[in-house]
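Peer 1: Every letter in the sequence shown is one number past the one before it in my numbering, and letter 31, counting from 1, is 31.
By construction, these hints were calculated from the structure, which means they are not laboratory data. Quantities reported herein were computed from a predicted structural model and do not represent experimental measurements. Hints may be right or wrong, so weigh each one.
Label pairs and their in silico Cβ distance ranges [stated by the list, open to error]:
(1) F66 to A88: 36 to 46 Å
(2) D81 to G48: 29 to 39 Å
(3) V9 to A57: 25 to 35 Å
(4) F5 to E45: 27 to 37 Å
(5) E25 to A88: 27 to 37 Å
(6) A88 to G48: 18 to 28 Å
(7) F66 to G29: 42 to 52 Å
(8) I8 to A88: 27 to 37 Å
(9) A88 to L62: 34 to 44 Å
(10) T10 to V84: 19 to 29 Å
Just so you know, even glycine gets a beta-carbon here, dropped at the ideal spot from N, CA and C.
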Amino acid sequence: GQVGFARIVTDHATFAYLADVFVLEAFRGRGLGKWLVEVTVTLPELQGLRRWLLATADAHELYRRFGFTDAAPGRLMEIVDLDVYTRAR
1 GQVGFARIVT DHATFAYLAD VFVLEAFRGR GLGKWLVEVT VTLPELQGLR
51 RWLLATADAH ELYRRFGFTD AAPGRLMEIV DLDVYTRAR
């Protein structure tokens with residue numbers, strides 16, 4: 001079965017967001033996360049994009065190996081609605 005995944009959201013013109021990289025705990029430490037990142041950032045159809053974005057609190061050293069750097073302070077903003085899935089519609 002599936003033990004991990006990576007997801008990219010992109011406009012295929014200038015921007016890609018590496019939205020999720022996840023490996024089941026029982027399968028971590030085997031290089032699968034590294035492989036998933038490598039496969040996603042080297043996809044031929046995503047070469048030449050001006051910017052890649054990643055938002056994570058984990059594995060910063062892993063992502064740095066692929067060229068990710070800390071975003072400039074004050075550059076990113078967000079809207080967070082923690083109750084969006086539990087509110088009655």
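Peer 1: For this structure, which hints from the list above don't hold up?
Peer 2: 3, 4, 6, 7
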